[in-house]
Amino acid sequence: MTTTQHTTRNQTPAPAASVSVATSRATANAGVTSRRVVRSEWIKFRSLRSTRYALAAVALAIIGLGVFMAIGEVVAEDVSRNGTVDALGGSLSGVGFAELLASALGVLLVTGEYSSGSIRLTFTAVPRRLTVLVAKAVVAALTVFTTAMVSTLLAFTVAQRLLARDDITLSWTAPGVPRALIGAALYLAVVSVMGVGFGWLLRSTAGALMALFAVFYLLPIIEILLPASTGDRIGPYLPSNAGSAVMRLAPGPLLEPWTGFAVFVGYALLMLAGAALVLRRRDA
Amino acid sequence: MIEAFGLTKVYGDKTAVNDLSFTVRSGMVTGFLGPNGAGKSTTMRMIVGLDRPTDGEVLVNGNRYVDQGAPLAEVGALLDAKASHPGRSAYSHLLALAASNGIGKARVSDVLDMVGLSDVAGRRTKGFSLGMSQRLGIAAALLGDPDVVLLDEPVNGLDPEGIHWIRGLLRSLAAAGRTVFVSSHLMSEMELTADRLLILGRGRLVADVSMAEMTAAATPVVRVRTPQADRLAQLLVVAGADVTAPEPGLLAVTGSSAADIGRMAAHQQLVLEELTPVHPSLEEAYLAMTHDHVEYAADSIGATTGRTAA
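Top line first, the protein sequences correspond to chains A and B. Each residue of the first sequence is one higher than the one before, counting from 39 in my numbering. Each residue of the second sequence is one higher than the one before, counting from 34 in my numbering.
Treat each hint with caution, since some may be false.
DEER-style ranges, computed between Cβ atoms [as the list claims (entries may be wrong)]: (1) A311/A with R156/B: 54 to 62 Å; (2) G39/B with L315/A: 23 to 31 Å; (3) G155/A with H197/B: 21 to 29 Å.
Since the hints were made in silico from the structure, they are not lab data. Every residue, glycine too, gets a C-beta built ideally from N, C-alpha and C.
Please put together the full structure from these sequences, using the hints given.
Structure (structure tokens):
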């Protein structure tokens with residue numbers, strides 16, 4: 039198909055004016071592939087200040103708050119003397135705030151296109167919308183994971199150094215520590231994917247952020263208001279609780295770390311599936 | 034080539050496009066003409082798969098748009114000038130689009146050159162004027178060196194030099210064998226560029242004509258002012274012309290040339306105070322065609338109220 043077109047095109051005489059000229063080189067290998075769409079989304083990501091800043095803010099929140107807590111442990115010497123410092127030294131304290139930023143980042147990747155109108159151009163270039171949906175989720179997950187991973191490692195290293203002055207040793211190999219550090223980065227990556235999902239579903243930045251707020255902060259409050267027996271049964275399955283189980287050191291009322299994370303990933307995938315359904319039918 | 038078969042789009046209780054069938058051929062510029070709200074943009078959005086037809090379908094080079102393997106190499110579309118993220122540079126905007134279809138960086142620079150935006154390629158599009166945005170939109174449409182070019186109101190916001198440039202571009206694309214489909218609500222815009230016209234009114238196809246047919250349809254009128262209007266009118270009617278009298282002493286004659294009327298008057302020794310051939314206006318012919326299909330007619334124009342209400 040493509041080759042025949044190029045043949046016929048080359049036979050037509052070149053236009054007299056200087057404006058349009060077919061350079062077969064430019065579009066010879068043209069075609070949409072998933073990999074190319076991911077590349078395209080990555081270019082969009084890195085060419086916007088807002089997304090770059092959001093990513094930097096994720097890093098800053100994790101490192102800043104993590105280190106801040108470690109300093110707090112040092113200052114509150116009585117705490118450290120009593121040996122109540124957990125194996126992470128509070129280095130994941132920033133995750134709760136970074137979660138807001140990571141979800142906002144995911145939202146912006148999608149709603150930025152709707153508010154500017156560029157979504158039409160995006161879908162004209164890639165009419166198979168599902169590919170775009172997945173590509174945005176992939177870019178959000180990979181960038182947030184990489185940034186968060188580096189940040190949690192840094193925060194832990196700094197906390198280690200700070201607490202070492204107080205003769206408190208934080209070990210890389212203490213039970214649950216590697217899992218919690220990696221888990222925090224994975225958790226934030228999935229949170230950003232949820233942001234992408236809400237972005238597709240609601241198309242407006244404010245709407246999607248409100249929805250995320252409801253899921254992460256309102257649902258836990260509702261759970262508290264429920265009768266204890268019901269609340270205890272539902273509680274572990276709430277998205278925020280299920281997801282954060284992977285970062286907990288001590289076993290608690292939550293699901294097992296990786297079970298909880300799997301449930302959390304399940305929620306994110308369900309949302310993307312819902313978004314995909316809506317996207318197929320909707321006029322852009 | 035673009036082929037529409039019974040294309041219909043209903044939004045709620047409003048039918049934007051109603052059973053539209055047409056073919057847009059390659060190697061020429063086809064104008065898509067109609068008043069605001071006639072359904073031109075909706076039709077264009079359906080061609081590139083942005084809106085789902087309620088009924089019917091539209092094919093580009095024989096395929097549904099969603100099945101195009103390299104959409105940007107098949108169709109280049111300018112649907113909305115302000116369709117770039119304000120915080121992204123013109124270059125990055127085009128680069129991201131190009132990447133999705135596997136089009137190289139060299140082509141991005143080429144199209145920026147073509148539309149004359151190379152100097153501002155690194156600037157964020159937030160500060161772009163409507164004319165610059167329009168040029169950026171055209172660059173995006175040309176990115177894949179497409180077979181089919183769709184432009185929705187491309188001259189909006191362009192300065193005279195830009196308008197001139199766009200006309201040249203459209204002509205050269207058509208000359209290179211491409212399919213060029215351009216919408217406008219102004220006949221005067223189409224007069225200079227289009228080879229063929231699809232005229233839309235209230236979502237329906239009103240006319241599918243060549244420019245030559247359109248010109249022929251716009252009958253010339255000769256204005257004749259004479260104190261002996263009745264006498265001259267009689268003579269002209271006998272000679273086979275159509276005569277109306279817009280006001281006493283003034284005749285509007287169709288079906289007879291100014292030369293013939295002058296000769297006839299001289300022969301009968303009638304006084305002529307004015308003899309003006311009124312050049313056929315395509316605008317008028319177009320307005321006459323779409324008159325009953327105007328979405329928002331001005332009611333204040335007394336003469337038309339009766340007809341638009343129908």
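To see whether the hints hold, each was checked on the structure:
1. For A311/A and R156/B, the hinted distance range of 54 to 62 Å is not satisfied, since their beta carbons lie about 40 Å from each other.
2. Taking the beta carbon of each, G39/B and L315/A are about 27 Å apart, inside 23 to 31 Å as hinted.
3. Checked against the hint of 21 to 29 Å, the pair G155/A and H197/B passes, with Cβ atoms roughly 27 Å apart.
Checked against the numbered hints above, the structure breaks only hint 1 and satisfies the rest.
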